[in-house]
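Generate the whole structure from the sequences, applying the supplied hints.
Heads up: the protein sequence lines correspond to chains A and B, in order.
When you read off a place in the first sequence, starting at 1, and then add 5, the result is the number in the numbering used here.
Counting from 1, position 85 in the second sequence corresponds to residue 71 in the numbering used here; the numbering is continuous, with no gaps.
Rather than coming from a laboratory, the hints here were simulated on the basis of the structure.
It is possible that some hints are incorrect.
List of simulated lysine-lysine pairs, DSSO-like, C-alpha gap at most 30 Å [unchecked claim]: (1) B:K436 <-> B:K511; (2) B:K509 <-> B:K12; (3) B:K509 <-> B:K436; (4) A:K181 <-> A:K39; (5) A:K181 <-> B:K17; (6) B:K533 <-> B:K17; (7) B:K436 <-> A:K181; (8) B:K511 <-> B:K533; (9) A:K39 <-> B:K17; (10) B:K436 <-> B:K12; (11) B:K17 <-> B:K509; (12) A:K39 <-> B:K533.
Over 10 Å on every C-beta distance to chain B, these chain A residues come out as not near it, computed from the model [what the hints assert, rightly or not]: (13) G22; (14) L77; (15) L83; (16) L219.
Here are a few chain A residues that face chain B, going by a calculated C-beta distance under 7 Å [unchecked claim]: (17) P16; (18) W17; (19) G31; (20) D68; (21) T141; (22) A146.
Values in this document were obtained by computation on a predicted structure and should not be read as measured data.
Every residue, glycine too, gets a C-beta built ideally from N, C-alpha and C.
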Amino acid sequence: MGIFHELTVKPWATDQGKVDDLHAGGTSPPAARKLALRVFLAVVAVLFTLLVTAYSGRMAYEDWRPAPQVSLLWANTLVLILSSVALQWALYSVRRGRIDAMRIGLLAGGTFTVVFLFGQFLAWRQLATMVYFELTNPAIAFFYLITGLHGAHLLGGLVAWGRTVARVWGDFDVAKTRQSVELCTVYWHFLLLVWLVLFGLLFTGNNLDVLLKLCGIR
Amino acid sequence: MDYVAHDASAFAPPAEVDEMELYHPKTFVGKYIWSQDAKVIAIQYAITAIGIGLVALVLSWFMRLQLGFPNSFQFINPSNYLQFVTQHGMIMVIYLLTALFLGGFGNYLIPLMVGARDMVFPYVNMVSYWVYLSAVLLLIASFFVAGGPTGAGWTLYPPQAILQGTPGATWGIILMLVSLALFIIGFTMGGLNYVVTVLQARTRGMTMMRLPLTVWGIFTATILALLAFPALFVSAIMMLLDLTLGTSFFMPALVSMGQQSEHTGGNPLLFQHLFWFFGHPEVYIVALPAFGIVSDLLSVHARKNIFGYRMMVWAIVAIGGLSFLVWAHHMYVSGMNPYFGFFFATTTLIIAIPTALKVYNWVLTLWHGNIRLTVPMLFAIGFIFAFIHGGLTGLFLGNVTVSVPLSDTMFVVAHFHMVMAVAPIMVVFGAIYHWYPKITGRMLNDTLGKFHFWVTFLGTYAVYLPMHYLGFLGVPRRYYAVGGTDFIPASAQSLNAGITIAALIAGAVQAVFLYNLVWSYFKGKPAGGNPWNATTLEWQTPDTPPKHGNFGPTLPSVYRWAYDYSVPGAEQDFIPQNVPAREVARSGTKT
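Structure follows, in structure tokens:
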């Protein structure tokens, strides 16, 4: 039953009562954890949307000075894509009961993530040693803020990942683990998507025109 | 009437809601301190929120003492006057009202009203409270650091919020921003719980449209809060970085106290946009739970079904959606493009439609009702008065041309206190008088309650009604003293003195309420399970107060909506949600 239909029923009517009595409780198919993750992802999406909006709003001012390019970010992006692929592989494997392959996928996913975070840290260092480095330049400050918040979300993800990895040795509940792997994978894919948007829109040169077109201003 | 599910379980699908595995602590600390029971967490939230709210009440007295009797009190100087203003606002809006409605009432009522044993993630729920408590403690700590708490105004506008010269610009503002960030993290944990519990943990037969409006209000407000708080979160972090690392997100190049600051190119308006993108939904984060709760109070105490249930739900959802499109009406004087002003004025005025619809429906619920002037009902009616007053002045301020001359005057203070302070706090009191018997098993004293209501209601009116007039005269808000200002007549001072006396009385009478809470806990009349003869599930629990797990061995099944009051043909004037049609016809109602 669609949400709009549901909102139009008359709960006081006798006929509707007969239908409602059979309602088994709960609303939508996904399990509670899955739904909670989706809601949380919506919150994270708002957070980064606001940052992109703030960044592009600031870009439109005449005194905007773009941040210097850090080419290491391309390599980092590749590593983050690999981590997502590895986790997808873990999920694919656990669905087919291949536990060893799942373990490898999980470990590889986590390792690539750690490498990505280290790469981001190196990018921070690189930018800080450049001639143009100036923390009062909003473009540079935004870069640190946005990459920092994105990294913090991945770190949080690594906690959940660590709890999952700790559970997959010896005898363990495969169904429960499968759900955990699934949740981790969704979270990683989402953060990859966020990164691609952030990287593509904000850190690959001056994309003001694209942003303004996206907002329908130009 | 012939219902299928009650006795023909063969036709009914198995319930989707599995039995929860609850953590049953054995020790006192596990039960009452590190508790995972939503009801205990609710009480922890409520006590903390009311405690810090009392601090904010006293701060408002200090402000009023200065305004009513200028320069008569040595401990009030311009700096700490601004600190009182700021902390009063911040505490009341965020640490009291948001925490009490969502963390307090949300935690207590959601699981009980939807027929669940607890929130879906009890552990996360517990952590949510402790993070909230840490946020409150940090806020309190800011009163004791060098320079005291921030005095930047509750909106914390840069650049002045972090410039030297503003009270608390060194440590106070840092603690404020960190405390806000913590509050938001704690709230997000709680909020995920409230949303998922409403969507996934409802008992058999409890469709979304059978939910009491209290749950709809809290549910929608939680979604608003989850989507709006990130804006405050990023702005708090950005300001913190401007302050500590010298970034220039919000700080423009400027000369402050004769010194050229190191900041370059920041945009203070960006902060205003972010702040109000959070700040306006925040009004409805407080208002929607109040709307929901007051609907239930009116229905129960008028013994009548709520008028226009579906429209009430739609209005809650519509107001929630619209609240994200109006934020810049707080920024008419920030130099925005006039077309923006036109847009935001239009969206603001559109909100009046679903809101007015709710007011009509409340009044129509009372119409021909069997009204019982119990204390919760008195507060509910008091809410309607305060809300209509505050709402109408909102129409004034929503219009750019009227709003601009009234900006930053006492008119604005009167408006938002009427709509966002008096109105919700009336509901808070009504709700406490209504649910206290379920929470403690005892009734609150009725005489003390009525005294509390009348003095609070008339007292707050005596404070805020004349304040509108001060605003028309042009008396500015946030001023320690107006000095010799020609356009303000001397009589304005007499009015200010009167307002102060009313504020002192309205504040002091809250001691009666607190006394009542404590006295009734020990000596109040035993309440029984369902003293108001209400239909919703929280009143149908086998134990009062409900035990951990809420509903005994089996979860209730729901057979009707939440508003079967005075149903023709039924023996009693209410039919609880868990009573099937067959039992109503045979023997009246179960009590």
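Here is how each hint holds up against the structure:
1. B:K436 <-> B:K511: The hint holds at about 16 Å.
2. B:K509 <-> B:K12: holds (28 Å)
3. B:K509 <-> B:K436: The given pair, whose Cα atoms are some 18 Å apart, holds under the 30 Å limit.
4. A:K181 <-> A:K39: At roughly 12 Å apart (the allowed maximum being 30 Å), K39 (chain A) and K181 (chain A) satisfy the hint.
5. A:K181 <-> B:K17: holds (28 Å)
6. B:K533 <-> B:K17: holds (11 Å)
7. B:K436 <-> A:K181: violated (55 Å)
8. B:K511 <-> B:K533: holds (20 Å)
9. A:K39 <-> B:K17: holds (29 Å)
10. B:K436 <-> B:K12: violated (40 Å)
11. B:K17 <-> B:K509: holds (24 Å)
12. A:K39 <-> B:K533: At roughly 29 Å apart (the allowed maximum being 30 Å), K533 (chain B) and K39 (chain A) satisfy the hint.
13. G22: violated (6 Å)
14. L77: holds (22 Å)
15. L83: holds (28 Å)
16. L219: Check passes; 18 Å lies beyond 10 Å.
17. P16: holds (4 Å)
18. W17: Holds: closest Cβ of chain B sits about 5 Å from W17 (chain A), inside 7 Å.
19. G31: holds (4 Å)
20. D68: OK, holds: D68 (chain A) within 7 Å of chain B, min 5 Å.
21. T141: holds (4 Å)
22. A146: Where the cut-off is 7 Å and the nearest Cβ of chain B is about 4 Å from A146 (chain A), the hint holds.
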